[in-house]
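*Asks:* Now for the letters of each chain:
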Amino acid sequence: MSEIDTTKAPMSSEEQKAYQARQKHRAIIMAGLLFFLVVLFYLITFVKIGAAAS
Amino acid sequence: MTIASTPSYNLASAQDLFALTKPRVMSLVIFTAICGLLAAPGSIHPVIGFTAILAISLGAGASAALNQWYEYDIDAMMKRTANRPLPAGRMDRETALHFGVGLSAFSVLLMGLAVNWLSAAVLAFSIFFYAVVYTIWLKRSTPQNIVIGGAAGAFPPVIGWAAVTGDITIMPLLLFAIIFFWTPPHFWALALFVNSDYSKAGIPMMPVVAGRKSTRKQIAVYSLILAVCAIAPFALNMTGVIYGATAILLSIAFVVLSFRVGLSKTEDPLAMKAEKHLFSFSILYLFTLFGALVADRMIIA
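First to last, the protein sequences are chains A and B.
Each residue of the first sequence is one higher than the last, beginning at 1 in our numbering.
Each residue of the second sequence is one higher than the last, beginning at 1 in our numbering.
Check the hints yourself; a few may be wrong.
[To be verified] Derived contacts from chain A toward chain B, CB cut-off under 8 Å, selection only: (1) Tyr19; (2) Gln23; (3) Ile29; (4) Leu40; (5) Ile44.
Hints in this document: simulated from the structure, not taken from any laboratory.
Ideal placement from N, C-alpha and C gives every residue a C-beta, glycine not left out.
Using the sequences provided together with the hints, build the complete structure.
*Replies:* Here's what the structure looks like:
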């Protein structure tokens, strides 16, 4: 079960901005990777179906 | 489980996660995997071939991440590695562990589902071998650590081959042996003239534990075994003249350079010309040998 650790000091606004900027950067890269994998799996499926049919 | 209000500098950046995969080391892995794949008899659809190379690269990246997760303490002691994401404090260990385990599982599943399960099994074993047998078990306990580590680096052409053929015959095992026996002369030549911090970090590297004289002798011995393994595919009639001639010429040069190192007695790293020549040539040797293997196969095909 997850719980919030309240013993650490809260982030300052500058730290929070930097944190969110990194989160956003990682999210954009993750979206790009997921899109790449969708295309790759689509192509793999076509190749596999083609191979099974022939 | 506790979720801490993590300070921004502890949220790993995408660049640091990428750095965790040791991209420079990965280039050799990708090259030898592609060579194994192209040299194998038979054909593979380009999409499946690309997926196989991607899975091998991700597996290598995962091994590197697990290696850095475990070695954060010794990385912090050495100049060369002190700026890696973990020792530099830009990432917590848990992130590296999760990244490494997740990437390992993904790479093996991708290989198994898209290519075949034999190559997936070898990939899984290579990750286990590098992360557990080499990194956790043997690296800190034996001066033969580089030899054992070389085995982990020797798997990619075998996996590339198995991706095409679905089996492992003598030829991919010889490719494995070439990289396996190439690794000690390559790294020990470097270790002889580069003043590393391995001893400070408690890693028993051969030149430190056994001394330079013994290391030089071992380099010469390994070069002979390497030459036998490199010429064997031609001698056993598994390759054509292009590979055979290249392997013979390169191996003669490698043995000559290694014996120059074996006979050298200099203790001054700045004066170690023979060691520096061998190190530079060893890189050229491996790339040219594997390139010749592919060229040979392409021309015969």
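*Asks:* For every hint, state whether the structure bears it out.
*Replies:* Evaluated hints:
no.	hint	verdict
1	Tyr19	holds, 4 Å
2	Gln23	holds, 7 Å
3	Ile29	holds, 5 Å
4	Leu40	holds, 7 Å
5	Ile44	holds, 5 Å
Violated hints: none; the structure is consistent with every hint.
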